[in-house]
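Asker: Each chain is listed here by its residues.
Number of protein chains: 2
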Amino acid sequence: MRQITAEDLDYLAIGAAILGTGGGGDPFIGKLMAQQAIAEEGPVTLLAADEIADDALVLPSAMMGAPTVMLEKIPEGLEAVRALRAEERRLGRKADATSPIECGGINSQIPFLLAARTGLPVLDGDGMGRAFPELQMETFHVYGVAGTPAVVADEHGAIVTIEAKDNFQLEWLARGVTIRMGGHAQLIDYPMSGADFKRTAVRGTVSMGLAIGEAVHNAHSRGIYPVEAVCAATQHTIYGRGIVLFRGKVVDVERYTRAGFAVGHATLQGLAEYQGSQLTIEFQNENLVAQRDGEMLASVPDLICLLDSEVATAVTTERLRYGQRVVAIGIPTPEIMRSEPALAVWGPAAFGYDIPFIPLEARFKDYYRKYGVASDKEKYLGE
Amino acid sequence: MRQITAEDLDYLAIGAAILGTGGGGDPFIGKLMAQQAIAEEGPVTLLAADEIADDALVLPSAMMGAPTVMLEKIPEGLEAVRALRAEERRLGRKADATSPIECGGINSQIPFLLAARTGLPVLDGDGMGRAFPELQMETFHVYGVAGTPAVVADEHGAIVTIEAKDNFQLEWLARGVTIRMGGHAQLIDYPMSGADFKRTAVRGTVSMGLAIGEAVHNAHSRGIYPVEAVCAATQHTIYGRGIVLFRGKVVDVERYTRAGFAVGHATLQGLAEYQGSQLTIEFQNENLVAQRDGEMLASVPDLICLLDSEVATAVTTERLRYGQRVVAIGIPTPEIMRSEPALAVWGPAAFGYDIPFIPLEARFKDYYRKYGVASDKEKYLGE
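Chains A and B are the protein sequences, given in the same order. Quick note, the working numbering runs 22 ahead of the 1-based positions in the first sequence. Quick note, the working numbering runs 22 ahead of the 1-based positions in the second sequence.
No lab work stands behind these hints, which were simulated from the structure alone. Any given hint could turn out to be false.
Part of the chain A face toward chain B, derived, beta carbon under 8 Å [stated by the list, open to error]: (1) His178; (2) Gly179; (3) Ala180; (4) Ile181; (5) Glu185; (6) Ala186; (7) Lys187; (8) Leu195; (9) Gly198; (10) Val199; (11) Ile201; (12) Arg385; (13) Phe386.
This one's a predicted model, so the numbers in the text were calculated from it and none came from an experiment. Just so you know, even glycine gets a beta-carbon here, dropped at the ideal spot from N, CA and C.
Next up, chain A with everything else stripped away, as it sits in the complex (with noise of 0.2 Å):
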């Protein structure tokens, strides 16, 4: 248990905007609308998975739709609450907790947001460990918890309750509604047990995030170059310490809209050590594979994060452009991730790319080997 502040809120946009891996939206409006809804309402309890009680009802909340119409069409601020209240009118029976579905980018915010205005304690885990672009791209979806009842709210009071076949058609209709609220809207989905959430939750995501922003704020007080800083900030949790892959100057970015994601690739002329070599990364709203002079080097689900090469703020998708210096790192996701049934969503050939996954601990046996890796990850280091 611990209590997040508004100051945590700042140190978690830096971690979880790293954690979108390219994607995941801008936190900004969502850290602001949250700060000012623990500067009204106080601190909000952060609980570790393991706190909540089997029987407890969780609603795990985020943002749907494009994080940017919000710097546009500003959210009301209480559509999540409306949200909830609907979701829980609906299943006869309140909220003992809220959870991020999404712990990258700008849905690591919402449910401190939601958690600051309705008192209730936010679970440490989310549905994503990093972030995805559609809403059956969740580890509750892969270990079998039904996306509905959902609710989708706007910032007129609109409310529109789906219950759907499954959870692609839940993404599918809430798609479709989210356009029509004007290109965003508040969401709760993935309704389930304490004991579900313990089962099907990536652990720890939102204080991963808090320590690596923290590890990003402070990297240079303490004398620590930023990029290490991140690549430390992972290592003794379920995912495993970051590894750097290439730096570089962006040379090329192609980047255009198709049904509805940002799509495209950019190209790193190396620098420093990488002098000679290039790096391509192709991105889907998040970074997919990136390969060095035509080897692949990390694919999905593993985090391929692209840092500004002094400070290690991410670079997003959509900020990408010539000149920028950059450091591309990797971060192995955690074994919840890399089932059979996980990788068959958000594999590599869930992105129309017909390779294998290979984590990065079996690209990179001898970096692993030296730092480590978690336990349930050592059958990558064998002969």
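Based on these hints, arrange chain B on the given structure of chain A.
Answerer: What follows is chain B alone, placed relative to chain A:
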């Protein structure tokens, strides 16, 4: 009170297609479904508005979307029941009756399908008195009934409950959901008391649809010209007698799809006493205006119906084709549909025509002096 049998629905389908004024959707699939339900469950009770208690709960029912899609994506059959049950659950109360939302076209049939499956009576009245394309184009809306909470249900068991800031947003959101459900869905909206139904519904429209259908069906055996039988069938209702506007041959049809509507016009070359003259009908799903040689003869919300010149069945917008011999008739709308707030929603200006609404009775005074009008329409016959 009257029992409605499967055979009655054959008549209702004929009459409702005419009340569809070119749109409203072919009642065929809806009729088959309702007839099967009646065959399995027994006849349905049709109640006059005055026969329902003021404090009864009325849940109007309809299909939403493109009736043409229903020919390929056949309903499962119990969508409307699921929608009704979801609405009852949301309201915490069982329904006492259903009613049509739209008496023209396929939506004349849906309430009988629902009523047969649930044992509810159908109320004899609706919210449009004809066919219109959107959910806020209802007397229920014009006279202050909230359209929400509304429920949209598909054939896979998906149920979407909508609460909106107003009836325009209801239309917008429900339309979006219907599109994502594949183009059509079942709808429950405008939940209201029996008192509100009495106050806001266009009364007797189911009976009138039945009467028109019977008139068409029996005209030949009674030795009456079928088109005249249609005109006479509405004479002693709140509408008033239909009037022949033109007889001719279809010589031109321009029809295209714009924003989901079938938009265009048809030109008729006059036959018999109309030889040498042209009639142009402009439509947007439904027929909106009829002009003879440039002179306006009739406009929305008065009903402009194209009938087969031999058998007087409806010729709908999507079936218009070169060479057809048709008779254009006008049917005056009831006064409840001609108030200032009503015309603001569906007068000529609401469809982009910069003309005042002039009732048929005022345009054709001699005809209506001869045949008479409903008592609240006598003002149109003055010197």
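Asker: Now tell me, hint by hint, if it's right for this structure.
Answerer: Results for each hint:
Residue-level restraint check for histidine 178 of chain A holds (minimum Cβ-Cβ distance to chain B is 4 Å; threshold 8 Å). Given hint, glycine 179 of chain A at the interface with chain B, holds; its Cβ is 5 Å from that chain's nearest Cβ, closer than 8 Å. Hint on alanine 180 of chain A holds. Least Cβ distance to chain B is approximately 5 Å, under the 8 Å limit. Given hint, isoleucine 181 of chain A at the interface with chain B, holds; its Cβ is 4 Å from that chain's nearest Cβ, closer than 8 Å.
The interface hint given for glutamate 185 of chain A is met, as the beta carbon of that residue sits about 4 Å from the closest beta carbon of chain B, less than 8 Å. Taking 8 Å as the C-beta cut-off, the interface hint given for alanine 186 of chain A holds, the closest approach to chain B being about 5 Å. For lysine 187 of chain A, the shortest C-beta to C-beta distance to chain B is roughly 4 Å, which falls under 8 Å, so the interface hint holds. With a cut of 8 Å, the hint placing leucine 195 of chain A at the interface with chain B holds, because the nearest CB-to-CB distance is about 5 Å.
Because the smallest distance between the Cβ of glycine 198 of chain A and any Cβ of chain B comes to about 4 Å, under 8 Å, the interface hint for this residue holds. A least Cβ separation of about 6 Å between valine 199 of chain A and chain B falls short of the 8 Å threshold, and the interface hint therefore holds. The beta carbon of isoleucine 201 of chain A comes within 7 Å of a beta carbon in chain B, closer than 8 Å, and the hint placing it at the interface holds. Among the interface hints, the one on arginine 385 of chain A is violated; its C-beta lies about 40 Å from the nearest C-beta in chain B, farther than the 8 Å criterion.
Proximity of phenylalanine 386 of chain A to chain B is violated relative to the hint, the smallest CB-CB distance being about 43 Å (cut-off 8 Å).
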